[in-house]
Amino acid sequence: MIIGSKLPPEHVDKTYFNSGRAAFSFLLNHIKPKKVYLPTFTCWSLVSTMEDRFPYIPVEYYSVGKDLGCQYPAFVDQDELLVFIHYFGKENTCELPASVGTILEDISHSYASKINHVGDYVFGSYRKLLKVGDGGFINSYFNPVYEESKKLDTWLRYEAKDWRDIREAENMLDRDSKITDISSQSLAILLTANYDLIRYKRQLNDKFLTENIDVGKPLVAYSDTECPLIHNRIFNTQEERDSLRAYLAEKGIFTSIHWPTHKNVKESKADITDTLWLDEHIISFPVSHDYNLNDMEYVCACVKKWAEQYL
Amino acid sequence: MNLKFAISSDLDFYCFLKAHLPDEYTIVSEPQKSYYSEWDFCYKIFKNEVLFAEYNGNFKSLSQGSLMNEAMEILKRIESKNDHR
Numbered sequence: 001m002i003i004g005s006k007l008p009p010e011h012v013d014k015t016y017f018n019s020g021r022a023a024f025s026f027l028l029n030h031i032k033p034k035k036v037y038l039p040t041f042t043c044w045s046l047v048s049t050m051e052d053r054f055p056y057i058p059v060e061y062y063s064v065g066k067d068l069g070c071q072y073p074a075f076v077d078q079d080e081l082l083v084f085i086h087y088f089g090k091e092n093t094c095e096l097p098a099s100v101g102t103i104l105e106d107i108s109h110s111y112a113s114k115i116n117h118v119g120d121y122v123f124g125s126y127r128k129l130l131k132v133g134d135g136g137f138i139n140s141y142f143n144p145v146y147e148e149s150k151k152l153d154t155w156l157r158y159e160a161k162d163w164r165d166i167r168e169a170e171n172m173l174d175r176d177s178k179i180t181d182i183s184s185q186s187l188a189i190l191l192t193a194n195y196d197l198i199r200y201k202r203q204l205n206d207k208f209l210t211e212n213i214d215v216g217k218p219l220v221a222y223s224d225t226e227c228p229l230i231h232n233r234i235f236n237t238q239e240e241r242d243s244l245r246a247y248l249a250e251k252g253i254f255t256s257i258h259w260p261t262h263k264n265v266k267e268s269k270a271d272i273t274d275t276l277w278l279d280e281h282i283i284s285f286p287v288s289h290d291y292n293l294n295d296m297e298y299v300c301a302c303v304k305k306w307a308e309q310y311l
Numbered sequence: 001m002n003l004k005f006a007i008s009s010d011l012d013f014y015c016f017l018k019a020h021l022p023d024e025y026t027i028v029s030e031p032q033k034s035y036y037s038e039w040d041f042c043y044k045i046f047k048n049e050v051l052f053a054e055y056n057g058n059f060k061s062l063s064q065g066s067l068m069n070e071a072m073e074i075l076k077r078i079e080s081k082n083d084h085r
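Here the protein sequences come in this chain order: A and B.
Residue numbers for the first sequence follow the numbering used here, so the first one is 1 and each next one is one higher.
Residue numbers for the second sequence follow the numbering used here, so the first one is 1 and each next one is one higher.
No lab work stands behind these hints: they were computed from the structure.
Predicted model, so just to flag it, every value in this text is computed and none were measured.
It is possible that part of the hints are untrue.
Unchecked claim - To spell it out: a stretch of chain A is covered by chain B in this simulated footprint if at least three of its residues, at any positions, have a beta carbon under 8 angstroms from a beta carbon of chain B; those stretches are:
1. 151-157
2. 160-170
3. 174-182
Said to hold, decoys possible - Each computed PhoX-like pair below joins lysine-lysine, with the alpha-carbon atoms no more than 25 angstroms apart:
4. A:K178 <-> B:K4
5. A:K150 <-> A:K128
6. A:K161 <-> B:K18
7. B:K81 <-> A:K151
8. A:K161 <-> B:K47
9. B:K44 <-> A:K150
10. B:K33 <-> A:K151
11. A:K151 <-> B:K18
12. B:K18 <-> B:K4
13. A:K217 <-> A:K305
14. A:K150 <-> B:K18
15. A:K217 <-> A:K207
Just so you know, even glycine gets a beta-carbon here, dropped at the ideal spot from N, CA and C.
Based on the provided sequences and hints, a complete structural model is requested.
Structure below.
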């Protein structure tokens, strides 16, 4: 035993990055897989990371159904890596394939949900759930030598006054994504966040929309331990969906589509029938803990007015 | 010129000018709303709320270094105008 004042630091099972894609890239550099399985229904950041940073690693896409059920490959072999996602905060309970390779569990959507993690590595982004300028993580100890970057996308997010600078920052990250550390501002925000309160407020908002919007159908039903990321609804037709989105935008309510299918997924050999169907029928309402039930009431009133005029 | 950081790529154009333009100037990004349009750019510089310069294009088809040089030129031009006031 040594008693002294200048001992090596402790190691903790958490490593921070500037983004989820940086965490993902770091893991791929670490694991060096020879093949990667990704879902057909996914955020483009995983797909574009493979394209931009790992063009030499073959990617095989596995199909995701309209109910978000995953058609995993039968087996993940040695030197292979599979990524799965807890979509929109809902636990992904599809049985994982037998594996002697590596399973990556993306919890970007479910960071505030109470889920038992089963992946060999757990990683994600903080920007999906929290209003932070940057942030990604791996729930394991690593000691990265970060890449050089001025982190201007993060700087811009903290300078932003409206959506345009946030979108510009997003574009900057898409154009040039480095593996760097999280900013001090973001770290302070996420370390002081009240995740029980976040979960509670998001559950209330989602429940309100579920019970008070009469058009379309909710995609996901959450349990008491799950934290909704957004409120997704499925519409009968793309025309209806797009009409509602345009109407709501005029009223200052900005919805999104999770997700427009990436060209690489479209060009893959995977069955993307249901993924394209989701792309065409889904509308995502914000249920952030920054909003309260008055905000949700306004959303519902606007949807009702749209329905009266257009349906 | 007292710079907060150096510009090292065309991709830095917007932030570099946002950080360094004098107070009477503002730069605004007007990104496209469509998905997968990250390489397109539209930057507008205003002087006292009047359009001063506009830059539209796609980073992938730019002549390398052109926006970087333009950013430095703009700052020099503005600085020299201010010097002659």
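Hints, one by one, checked against the model:
1. 151-157: holds (count 3)
2. 160-170: holds (count 5)
3. 174-182: Held - the segment 174-182 of chain A has 3 residues with a Cβ nearer than 8 angstroms to chain B, which meets the minimum of three.
4. A:K178 <-> B:K4: With a Cα-Cα distance of about 21 angstroms, the restraint between A:K178 and B:K4 holds, given a limit of 25 angstroms.
5. A:K150 <-> A:K128: holds, 22 angstroms
6. A:K161 <-> B:K18: holds, 13 angstroms
7. B:K81 <-> A:K151: Judged against 25 angstroms, a Cα distance of about 32 angstroms means the pair is violated.
8. A:K161 <-> B:K47: Within the cut-off at roughly 19 angstroms; holds.
9. B:K44 <-> A:K150: holds, 23 angstroms
10. B:K33 <-> A:K151: holds, 23 angstroms
11. A:K151 <-> B:K18: Holds, at about 15 angstroms.
12. B:K18 <-> B:K4: holds, 11 angstroms
13. A:K217 <-> A:K305: holds, 17 angstroms
14. A:K150 <-> B:K18: It holds: about 15 angstroms lies between the C-alpha atoms, which stays within 25 angstroms.
15. A:K217 <-> A:K207: holds, 13 angstroms
Hint compliance for this structure: hint 7 alone is broken.
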